[in-house]
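Number of protein chains: 2
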Amino acid sequence: LLIATLGATQAVAADSQATLESLKNKALNDDLSYQIVESLTTEVGARLVGTPAEKRSVEWAVNKMKSLGFDKVWVEESEAQLWQRGDLSASIASPFAHPVAALALGNSVGTQGKTLTAEVVEFADLAALQAAPEGSLEGKIAFVAYKMARHKDGHGYGEAVGARVVGASEAAKKGAVAFIMRSVGTDTNRFAHTGVSRYADGVKKIPAVAISNPDADLLQNTLKRGKPVSFSLTMSASGPTGKTTTIANVIGEVTGASKAAELVTLGAHLDSWDVGTGAIDDGIGVGITLAAGHYISQLQPRPARTLRVILFAAEEIGLYGAKDYVQKHQDEMSQHVIGAEWDFGNGAIYELEPGINEAALPAMREFAESLAPLGVSMANSNTAKGQSDMSALGEAGQPAVNFNPDGSDYFDYHHTRNDTLDKVDKQALKTNTAIYTMFGFFATSTSTDFRPRPAS
Amino acid sequence: LLIATLGATQAVAADSQATLESLKNKALNDDLSYQIVESLTTEVGARLVGTPAEKRSVEWAVNKMKSLGFDKVWVEESEAQLWQRGDLSASIASPFAHPVAALALGNSVGTQGKTLTAEVVEFADLAALQAAPEGSLEGKIAFVAYKMARHKDGHGYGEAVGARVVGASEAAKKGAVAFIMRSVGTDTNRFAHTGVSRYADGVKKIPAVAISNPDADLLQNTLKRGKPVSFSLTMSASGPTGKTTTIANVIGEVTGASKAAELVTLGAHLDSWDVGTGAIDDGIGVGITLAAGHYISQLQPRPARTLRVILFAAEEIGLYGAKDYVQKHQDEMSQHVIGAEWDFGNGAIYELEPGINEAALPAMREFAESLAPLGVSMANSNTAKGQSDMSALGEAGQPAVNFNPDGSDYFDYHHTRNDTLDKVDKQALKTNTAIYTMFGFFATSTSTDFRPRPAS
Ligand SMILES: [Zn+2]
Ligand SMILES: [Zn+2]
Ligand SMILES: [Zn+2]
Ligand SMILES: [Zn+2]
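Residue numbers (the numbering used here), protein chains in the order written: chain B, 9 to 464; chain H, 9 to 464.
Because the hints were derived from the structure by calculation, they are not lab data.
Just to be clear, a hint being listed does not mean it is correct.
Copies of the same chain look alike in the list, so a pair counts if it fits in one copy or across any two.
[As the list claims (entries may be wrong)] The calculated SDA-like cross-link candidates involving lysine to any residue, where the alpha carbons are at most 20 Å apart (straight line), are:
no.: 1; residue 1: Lys182; residue 2: Ala139
no.: 2; residue 1: Lys431; residue 2: Arg158
no.: 3; residue 1: Lys181; residue 2: Gly383
no.: 4; residue 1: Lys267; residue 2: Ser86
no.: 5; residue 1: Lys122; residue 2: Glu146
no.: 6; residue 1: Lys63; residue 2: His106
no.: 7; residue 1: Lys212; residue 2: Val128
no.: 8; residue 1: Lys431; residue 2: Asp417
no.: 9; residue 1: Lys434; residue 2: Tyr358
no.: 10; residue 1: Lys74; residue 2: Lys160
no.: 11; residue 1: Lys438; residue 2: Tyr207
no.: 12; residue 1: Lys431; residue 2: Asp420
no.: 13; residue 1: Lys74; residue 2: Gln343
no.: 14; residue 1: Lys181; residue 2: Val128
With the hints as extra help, turn the sequences into a complete structure.
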């Protein structure tokens, strides 16, 4: 019995339990993370890579970290590809004229000052487009009508996003002059979801456009009538310019008391798409990780390890900031004990999913017990690499924890103009902030090591 | 007992009960009204007064009525004021720049080719604006932040819409150069709700603009910081041009078998705002009333009275079609036995509210019994004048029934780009179509007269 008790208190000692409890109550009874999201979305707003607002967001983040009591705050600059959205106007041209709510996909080229009008050919999904005979889309516009499914864990996104990433090149291979698709999203709002696309090497670059769910319905209903349907696009998106723009990860540390070289990382991305104010994606992550850092910075004594909060640059256009971080911190990667990102919106966390040394699982399980009253249970799997940016650090060897939320409504707002402050669920945000704060404290203070991460 | 039984069967005889039952089952097991909405929104779409699509909608309606078996179909033309939306771009200019989702209100003037930038002064509601001292808004933009409340009967609209109608002139009286307001709507989508506004005589006409709920939040949060906030508007809305445009009520009749001169009217409006496809407002009304007319046209023998379905023109910009109808049919108004309009969206009807001769209330109550299985009860009041257009006929003496639905979500979609086919609740539409069909049959076949309507 004595041994069992000792074993159980090894990971989370009694005084640590008290601190966990007090941090939890602090976060649950405070609205710091919400105030941070309010500040970022009001004082900066949309912050697409390459825009003046993105530069302002870096300044905002440095100032915010300093005011929140981080010991060290710095910026790490690198370069990312520049893309500019320009203007877009889209319409069903015939047989019945309708304006269409549409957005250029990231990286898309435009229509070179002209209006492109062509007949639409509908495909049920990406696979159907890929199965079309060579040359069969000569002079046509390919339309993928696939509708993303709503799931708690958001896996409908994975099923739908392939068309967004590679659809334009797949269509161009068959001769298409443009690619349009039903937005990757679960809402029924008449506006489109943007997101990144990629052109395959050696394939003609054609315009890549998402249309809103209601407009996709309208287009399908029009096509159902069996007569040719033509669609018009006028857009000035820049395409891949070859130019780059300076981006910046913003990093803040709460220095550890006794093992300062050992790093626990909390991450979020600072950039956003240009159409909303980036509240849900990923203002919430910024709010949670900065608030967690603040609460932990107030502790006396400080935890043993250093807590490093990383606000990554240019996640939306391809994890540029995360990749740069891994490159710049290669020599230090082995000191990354564990990390967690928040980039999954608004929902209450229900699961802690580890990706850590097996020997550390009992300690993590014991910590997870302290989250049970907040509705969190621990997954049986041990394969987490970290959300979004943190997956790049995971691939570089960092052990990780994924906190999985109810993502049922995440793709209602994702990459749309509706990603605004009012969508933030204040109660879930408090709870999730408490969870990240508790995790940050546990991981920096426990004697357990989480390294090395399991082989994948 | 015998007398009571006779009394009870006077209004709705046994064979009529059977017909009511069969019409109900027909409508509940059919999707004709939905198919009509699909056809109108797909083949015509948005149909703002003065646009080519509005002309096409008239042609569409005539053809649809003919194909649905109406005995007589005709068009009655008149004139309405022309207003053109033009383009609009709005933004918070400083201290933090944000694009703003906004729409010109109907009738609004533009900014005469210039960009208007001025400081914003916030008011909690219209009354607060009206209480501002003379001259206190010189060179400023007045912003009414009032947020419409959500209610089952939609009465929050009445509390909010005053600012939309008279706000611009009230602001101009104090010296303001523009008027902006939080949209009259219950949603949190980042797009604005349009709707009609009116300039007071002798007051300077200034731009009148609705902004989305999230943008109103953003503007309020910016103003809260206590520093001057400037707002920019560039818009080419025409204002009241003095020009008129031809509009047309489309009317179809199912001729009565024995009392053809006596008219039962079902109404809806054919026009819509330009931002959605007018599915909810008022495609549904078109679908319900045309389907009801079709089902009744199939009856053998025909009911005694004539059923007249009126698709009114130019409701959105001020009941022009309804007013013209009353004028053109003055001599015939006394033959209007009773009428009902549908212009209240998507929700299930829960109440029949009469506005009829008191002596006819028992008959109406007996008819209402047949709607009870559909969830409809009869109101105790007897003051209904008819929804929207039908209120003009009510004021001209026509007895009326209002069918009141659950309007909780109506103002989520009302006058927005989100008013599209996918928002139609197919099940509620079937039920509401059944109710209107049953009402149309009851009112054309009963020996009860509903005239004269009660004095108001
Ligand atoms: Zn993200
Ligand atoms: Zn994103
Ligand atoms: Zn209406
Ligand atoms: Zn309306």
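Checked hints:
In this assembly of identical chains, the alpha carbons of Lys182 and Ala139 lie at most 20 Å apart only when taken from the same copy (10 Å versus 66 Å across copies). Taking the closest pair of Cα atoms, Lys431 and Arg158 come within 20 Å of each other both inside a single copy (18 Å) and across two copies (17 Å). Taking the shortest alpha-carbon separations for Lys181 and Gly383, neither the intra-copy value of 49 Å nor the inter-copy value of 56 Å comes in at or below 20 Å. Proximity of Lys267 to Ser86 under the C-alpha cut-off of 20 Å is found in neither arrangement, the shortest distances being 29 Å within a copy and 84 Å between copies.
Taking the closest pair of Cα atoms, Lys122 and Glu146 come within 20 Å of each other only inside a single copy of the chain (19 Å); across copies the shortest separation is 44 Å, beyond that limit. For the homomeric pair Lys63 and His106, the shortest alpha-carbon distance between copies (15 Å) is at most 20 Å, but the shortest distance inside one copy (38 Å) is not. When the C-alpha separation of Lys212 and Val128 is checked against a cutoff of 20 Å, the pair qualifies only within one copy, where the shortest distance is 19 Å, while the shortest distance between copies is 49 Å. For a Cα distance limit of 20 Å, the shortest separation of Lys431 from Asp417 qualifies both inside one copy, at 10 Å, and across copies, at 18 Å.
Taking CA atoms no more than 20 Å apart as the test, Lys434 paired with Tyr358 passes inside one copy only; the shortest distance there is 17 Å, against 35 Å between copies. Taking the shortest alpha-carbon separations for Lys74 and Lys160, neither the intra-copy value of 37 Å nor the inter-copy value of 49 Å comes in at or below 20 Å. For a Cα distance limit of 20 Å, the shortest separation of Lys438 from Tyr207 qualifies neither inside one copy, at 41 Å, nor across copies, at 47 Å. Proximity of Lys431 to Asp420 under the C-alpha cut-off of 20 Å is found in both arrangements, the shortest distances being 10 Å within a copy and 15 Å between copies.
Taking the shortest Cα distances, Lys74 and Gln343 never come within 20 Å of each other, neither inside one copy (24 Å) nor across copies (79 Å). In the homo-oligomer, the alpha carbons of Lys181 and Val128 lie at most 20 Å apart inside one protomer (16 Å), although the nearest pairing across protomers, at 53 Å, exceeds that limit.
Figure legend: structure checked against the earlier numbered hints; hints not met, in rising order: 3, 4, 10, 11, 13.
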